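Okay, here's what each chain looks like letter by letter:
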Amino acid sequence: MTNEWLLLFPEKVRALLQRLPLPLLTVVEEIRIREGRPLEINYSGKYHFLTEKGALTLSPEEAYKPDREDSHRLLDLISNHSLYTMEEELRKGFITIPGGHRIGLAGRTVLSSGGVEHLRDITGFNVRIARAVPGAADEILPYLLDRNRKRVLHTLILSPPQHGKTTLLRDLARQISSGKRGSRDSNRPGLKVGIVDERSEIAGSRRGIPTFDVGPRTDILDGCPKAEGMMMMIRSLSPDVLVADEIGRPEDAEALTEALHAGISVLATAHGKEVSDLIRRPGLGGLLEHKMFERYVILHRSEAGSSFQVLDNQNRRLAISPGEKMGGDAYA
Amino acid sequence: MLKMFGAVLIVLAGTLAGLQRARQYADRPRQIRSLIAALQRLETEIKYGFTPLPDALRKIGAQARGPVQQMFVTAADEMSPPNNRSAKEAIEQAMEIHGSNTALKAPEKEIIRQLSCTLGTSDRSNQTTHITLALQQLNQEELAARDDQGKYEKMSKSLGLLLGVLIVILIF
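In the order they appear, the protein sequences are chains A and B. Residues in the first sequence are numbered from -9 upward in steps of one, following the working numbering. Residues in the second sequence are numbered from 24 upward in steps of one, following the working numbering.
With the rest of the complex left out, here is chain A:
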């Protein structure tokens, strides 16, 4: 696995990160840079600060504190020296760079007629490293297939942020599109998959070409708003399976309803811990009440590792990952 994402950091920070042991470097999930405050890395549910010598520490006092120069250089590099091309991204508060890595931004907002117009004085960065984990969907995919009618069931993947929703979605798309299920070489035909990749995270497209393997029969609408993108997909690209990340707004739900009724299987993700959390959310409540989704996958991750459970639309539990059975988890 290459760590090409290191190149996006200014020299000083990059030098620190390069001193990390390689096994750690390959599991780092988030790198947080806050001007004048400790440099932080997050990995497998844990966090550490980095000292000036590149060692891990938990004490903020010993940590290296990125200065103004560092944050300016970082912003310069991630915007490709062209902040003016990022106006829409700044309004949303994040930039996705080639490779699918997403960088959340914190700074001072500039308002215009009540809405966020621009972000200035950007001093906080949360770099989320995107990684493809081929095989992440191996255990889950069998529960999402309707063997008789040879289709994929409408599925909603649920978890709090940072629990592997997008990674799972990416691998599901790959396996469904290629027809390969897990490690076994089955002779199932692949299905046409359409990905509406609003944040360029699923496929990590670079100039329209996915940098992650999302399967041979996959079309990607890169950077397209989900609601509009789903409609465009349905009308023009005739997918068998429609994939969308992080649905939540009312217009997303509307487009999803359209797709569900158009005979297209939908795979989507949403932030949440339980199915009951979602019913209360204005956008998705309706979809759930009408039992539009046939499967719910709930991801959970702790320091011990990740686990999942699969529910059907009657809230009956179909599957639990081994970790979940053993661990005394919050799900009762």
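Calculated from the structure, these hints are not laboratory results. Quick caveat: nothing in here was measured; it's all calculated off a predicted structure.
Residues on chain B that point at chain A, a partial pick, calculated with CB under 8 Å:
| # | residue |
| --- | --- |
| 1 | I69 |
| 2 | P75 |
| 3 | M102 |
| 4 | P104 |
| 5 | N107 |
| 6 | T144 |
| 7 | Q150 |
Here are some chain B residues the structure puts well away from chain A; computed CB gaps all over 10 Å:
| # | residue |
| --- | --- |
| 8 | V31 |
| 9 | L35 |
| 10 | L42 |
| 11 | A49 |
| 12 | R53 |
| 13 | R64 |
| 14 | L166 |
| 15 | D170 |
| 16 | E176 |
| 17 | L182 |
| 18 | V188 |
| 19 | I190 |
| 20 | I194 |
With a straight-line Cα cutoff of 30 Å, these simulated DSS-like cross-link-like pairs (lysine-lysine) come out:
| # | chain 1 | residue 1 | chain 2 | residue 2 |
| --- | --- | --- | --- | --- |
| 21 | B | K70 | B | K128 |
| 22 | A | K55 | B | K111 |
| 23 | A | K140 | A | K170 |
| 24 | B | K132 | B | K177 |
| 25 | A | K55 | A | K43 |
| 26 | A | K140 | A | K281 |
| 27 | A | K55 | A | K2 |
| 28 | A | K82 | B | K70 |
| 29 | B | K128 | B | K174 |
| 30 | A | K82 | B | K111 |
| 31 | B | K111 | A | K2 |
| 32 | A | K2 | A | K82 |
Just so it is clear, CB atoms sit at the ideal spot from N, CA and C, and this is done for glycine as well.
Given chain A, put chain B in place with the hints provided.
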């Protein structure tokens, strides 16, 4: 005979030096003009094309001619990986490398340097404002350069020849 040959050489050298100086006066307004044209294109690229700065500079470099073109291409290269310099550093570096090959003088270099500080660091309307300001200043410089050209171009030519002749007379 040898003396004659030496005298001719001196006069020739004086004339050539004069011509060289005259060409500088003639080149400067032309190069400022091409700089102005380049910045106008940059403005369009930023305002309507949303083109990232390195790509925009490279495009402009391909269209411009002469030393000004090389300056833009070098700046774009300095900005891209693996150099990854900031816009300001990259443009300064490019001016340092190619500055002596151009007829540009301190005032217009200073205008470009000032522009490089803000290039790429703000939203489109802000960028446009800065470029427009630089364009205005460059236009002024162009007028001044044309003035100088009118005043000194011919004079430099004759002065070179005359200086050569003067030295010859003094020696003999």
